[in-house]
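Asks: Residue numbers (the working numbering), protein chains in the order written: chain P, 1 to 300; chain C, 301 to 753.
Hint data in this document are derived by calculation from the structure and do not stem from the laboratory. Among these hints, one or two may not hold up.
[To be verified] Computed list of lysine-lysine pairs in BS3-like fashion (alpha-carbon distance at most 27 Å, straight line):
{"no.": "1", "chain 1": "P", "residue 1": "LYS98", "chain 2": "C", "residue 2": "LYS448"}
{"no.": "2", "chain 1": "P", "residue 1": "LYS72", "chain 2": "C", "residue 2": "LYS491"}
{"no.": "3", "chain 1": "C", "residue 1": "LYS491", "chain 2": "P", "residue 2": "LYS73"}
{"no.": "4", "chain 1": "C", "residue 1": "LYS661", "chain 2": "P", "residue 2": "LYS73"}
{"no.": "5", "chain 1": "C", "residue 1": "LYS491", "chain 2": "P", "residue 2": "LYS43"}
{"no.": "6", "chain 1": "C", "residue 1": "LYS494", "chain 2": "P", "residue 2": "LYS73"}
{"no.": "7", "chain 1": "C", "residue 1": "LYS431", "chain 2": "P", "residue 2": "LYS97"}
{"no.": "8", "chain 1": "P", "residue 1": "LYS97", "chain 2": "C", "residue 2": "LYS626"}
{"no.": "9", "chain 1": "P", "residue 1": "LYS72", "chain 2": "C", "residue 2": "LYS630"}
{"no.": "10", "chain 1": "C", "residue 1": "LYS398", "chain 2": "P", "residue 2": "LYS98"}
{"no.": "11", "chain 1": "C", "residue 1": "LYS626", "chain 2": "P", "residue 2": "LYS72"}
{"no.": "12", "chain 1": "C", "residue 1": "LYS630", "chain 2": "P", "residue 2": "LYS98"}
{"no.": "13", "chain 1": "C", "residue 1": "LYS448", "chain 2": "C", "residue 2": "LYS431"}
{"no.": "14", "chain 1": "P", "residue 1": "LYS73", "chain 2": "C", "residue 2": "LYS630"}
{"no.": "15", "chain 1": "C", "residue 1": "LYS621", "chain 2": "C", "residue 2": "LYS661"}
{"no.": "16", "chain 1": "C", "residue 1": "LYS550", "chain 2": "P", "residue 2": "LYS73"}
[As the list claims (entries may be wrong)] Covered by chain P, per the in silico footprint, the following chain C stretches (three or more residues, Cβ under 8 Å):
{"no.": "17", "stretch": "422-433"}
{"no.": "18", "stretch": "631-637"}
{"no.": "19", "stretch": "640-646"}
[Unchecked claim] Anything over 12 Å on all C-beta distances counts as not near chain C; from chain P, calculated:
{"no.": "20", "residue": "ALA30"}
{"no.": "21", "residue": "ARG110"}
{"no.": "22", "residue": "PHE192"}
A virtual CB, placed ideally from N, CA and C, is assigned to each residue, including glycine.
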Amino acid sequence: MAEPTPGIQSPGGRHALVISLFLFGIFLLAWHLATLRPAFNPKGLSDEQLTTMEFNGDIIRTEEGSYIYDPKKARGLPGPWAVARKSVEEFGEAFQKKGTNDHGIAYLIRYTVLRFAAGFLSASLVAACLGVLIGLSATLYRALNPFIQVLKPISPLAWMPLLLYSVQDPTMTAILVVFMASLWPTVANTAFGVSALRRDYLQVARLLQLTWSRRLVKVVLPAAAPAIVAGLRISFGSALVAVVPAEMLLGELGVGYLTWIEWNNLDIAGVIFAILVVGGVGVLMDLGFTRLARFVTYAE
Amino acid sequence: MIGSSLQDPFDPHSSLTHSACGAPGGAEAAFAPTSHEELMDRAVEGAVVRAVFGGNDLARRRFLQIVGAGAAAQIFRAVFPFDGAKALAQEKVKGIEKRDLSVAFIPITCATPIIMAEPMGFYAKHGLNVKVRRAAGWAMVRDWAINKEVDAAHMLSPMPLSITLGAGSQKVPYFMPAVENINGQAITLHKQHKGVKTAQDMKGFRFCVPFRYSMHNYLLRYFLAERGIHPDKDVQIRVVPPPEMVANLKAGNVDGYLAPDPFNQRAVYENAGFIYMLSKDIWPGHPCCAFAISQEFATTYPKTFLALFKSIVDATHFASKPENRKAIAKAIAPRNYLNQPVIVLEQVLTGRFADGLGNIKYVPDRIDFDPFPWHSMAVWILTQMKRWKHVDSDFDYKQVAEQVYLAAECDKLSKELGYAAHGQTYSSHTIMGKVFDPAAPEAYVNSFAIRNV
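Pulled out of the complex, with its shape left as it was, chain P reads as follows:
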């Protein structure tokens, strides 16, 4: 069914891998060089200025009595080492809960994935049903299309204040934002897939005198499956985009919120770490989704 993808086994894949690694190395080196700072030079500063700087945490006195920049205080963009150190530190306490507002990164990932899954799965179910209904009836399609066209381009985050006000629960609101983000692409694609069904299929089904439900399961859904999956794909992406800002705005613990509090604290190494985690989680979920999608797609 699925065509063989070029993997690392093939010679072309190996070359691609080498180039990827090479580019990554160049990137790290450039990043390191760009963020390199000269060592602290006390020349031209009075004792009073040095005391003030030390008091403000800019510099610290070493055991030999000279001054160096305080390594704990970030100046400018952090280099790759700072981010790596931060990552090691965060993963080192991934499973720790240090109070209500400080949970380890493993918990944060779990909260985000669960929130995402709840919103996306419920939206997919609703969207698929709605899409099939609309797709089967041309009248319904034409009647509902204007509404879908108006609702579709509304940013899912724009719903947030209204949802928060009516649901009165931030956890539910975050899930519903994801729900809104993943609803429309699947509805539209499913409807399109069902309505573009080959007439021959339906005619054969009628000839075989299949019942309505069997016709749906045996003919309509399998035929529309590629379109539905394509819709889910788009939904998946937009839901992933929505979950991060929803967490930020609602203050719900998760990787999106982590980005926000690190930014509020101006811990830029922490922000970069959080961004990398968001990316990593996205890639992993996307991989899982692709696996799932393979079960239902086929070449004609």
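Once you have looked at the hints, place chain C on chain P.
Replies: What follows is chain C alone, placed relative to chain P:
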């Protein structure tokens, strides 16, 4: 760190007098009480011994040196029923209906008593299991509070008034049992404005304040208007959640803010701005943040409310002692609470700070903590809400102030816990040289040349 009034009263070498510096010598650490109960016991013993010697510390020391510490302790313990006195001070509220509570807070030093009461055990001491929950902005706190996501909340002292009046929110009757901090805010300007001398130089500036109904907004407006700048015409004032202020200042998005600490000090720490003026120089002793709870919660769970109220008043008085401040800075710095460098919090809480202009200043009352919610302060806030047209409806100043601010109750609890009581709940206040008389609020509103009504 143990305050000198908590030294071992039976040690002839320790001092029981209140002073900013503790007794020298490392020996005290060995005898330092470790738990809250011990701390309280020690306080009771100290108070009794002090009373017996009529506050004459020299006489006490001489007596102890002659009799010997051990014997003296025995004599005192035989004559005076320490256990009874200790039990009274330690007494927990009985029959608490709900022990597991959550309290919302914004990560700022104003919330110090509410936050530190968790790691330093003040809630536990009064029989509660409280988890403090950090919110990212005041609108979030308001929504959590109204939607009952949390049982009580750290609010700005105008918020319980505005929520009760239904201004900028649903109308929900709210109580403000206690103020958290007094002073502790500042006007911070971007470092490119180091040349600014007077408010006239601030024309066209873009300022931020943490919330529409905040002391910050009202103090900034008052300051600007007194200096002839119309806050709605000559400058721009926008609402930005406190944690985002430094980042905005650093990015050059705003020219300055009147904001809660640590974000003024953090701006200096980041070399992004400088402290132009401390809020205590606008109104010395002004209230800022507060502990707030819905009327519904307080009446449904009266015992829980009482225990919570007691913990807060207790913690607030503890925080007002300068000798406790360093330990507090350390307790509230971690990511679970303020998520700030300890050095920044220390500068805020001890009052020894770099101002960003190259000076190290020492202002011990830069921030202070006093739970008493003066009704006159509520009336002042209401006059400013009227003045800037932040509320449309007409209301009886006194009636709203007395309904929301629980001044008498707070005074009673303070007295029970052994702190000075105020007796009266109205007082006149002097703000930038202008006297405010709480008995004539409407005349006060009309006395301003710059106003929106």
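Asks: Hint by hint, note whether the structure agrees.
Replies: A quick look at each hint next to the structure:
1. Between P:LYS98 and C:LYS448 the CA atoms are separated by roughly 24 Å; this keeps the pair inside 27 Å, and the hint holds.
2. Between the alpha carbons of P:LYS72 and C:LYS491 the distance comes to roughly 23 Å, so the proposed pair stays at or under 27 Å and holds.
3. Our distance criterion of 27 Å between C-alpha atoms is met by C:LYS491 and P:LYS73, whose separation comes to about 19 Å.
4. With a C-alpha separation of about 22 Å, the suggested pairing of C:LYS661 with P:LYS73 holds against the 27 Å cut-off.
5. Restraint check: the Cα-Cα separation between C:LYS491 and P:LYS43 comes to about 23 Å, which is no more than 27 Å; the hinted pair holds.
6. Taking the CA atoms of C:LYS494 and P:LYS73, the gap is about 24 Å. The hint holds against a cut of 27 Å.
7. In summary, the hint linking C:LYS431 to P:LYS97 is supported, as the alpha carbons are separated by about 13 Å, within the 27 Å threshold.
8. Between P:LYS97 and C:LYS626 the alpha-carbon distance is near 25 Å, which keeps this suggested pair within the 27 Å criterion.
9. Taking the CA atoms of P:LYS72 and C:LYS630, the gap is near 16 Å; set against the 27 Å cutoff, the hint holds.
10. In summary, the hint linking C:LYS398 to P:LYS98 is supported, as the alpha carbons are separated by about 24 Å, within the 27 Å threshold.
11. Proximity of C:LYS626 to P:LYS72 is assessed by CA-CA distance (about 20 Å); at most 27 Å being required, the pair is judged to hold.
12. For the suggested pair C:LYS630 and P:LYS98, the alpha carbons sit about 15 Å apart, so the restraint of at most 27 Å is met.
13. Of the supplied pair hints, the one linking C:LYS448 and C:LYS431 holds, its CA atoms being roughly 15 Å apart against a limit of 27 Å.
14. Between P:LYS73 and C:LYS630, the direct Cα distance comes to roughly 17 Å. Compliance with the 27 Å bound is thereby established for this hinted pair.
15. In summary, the hint linking C:LYS621 to C:LYS661 is supported, as the alpha carbons are separated by about 20 Å, within the 27 Å threshold.
16. A threshold of 27 Å between alpha carbons decides the hint, and for C:LYS550 with P:LYS73 the separation of about 15 Å falls inside it, so the pair holds.
17. A count of 3 residues in the stretch 422-433 of chain C with a Cβ less than 8 Å from any Cβ of chain P is obtained; the coverage claim is therefore met, three being the minimum.
18. Requiring three or more residues with a Cβ within less than 8 Å of a Cβ of chain P, the coverage given for the stretch 631-637 of chain C holds, as 4 such residues are present.
19. With a cut-off of 8 Å between beta carbons, the stretch 640-646 of chain C has 4 residues touching chain P; three or more are needed, and the interface restraint holds.
20. A cut-off of 12 Å between C-beta atoms confirms that P:ALA30 is not in contact with chain C; the least separation is 24 Å.
21. Here P:ARG110 stays apart from chain C, with its beta-carbon at least about 18 Å from theirs, past the 12 Å limit.
22. Its beta-carbon lying about 39 Å from the closest one in chain C, P:PHE192 satisfies the requirement of being farther than 12 Å from that chain.
Every hint from the earlier list agrees with this structure, and none is contradicted.
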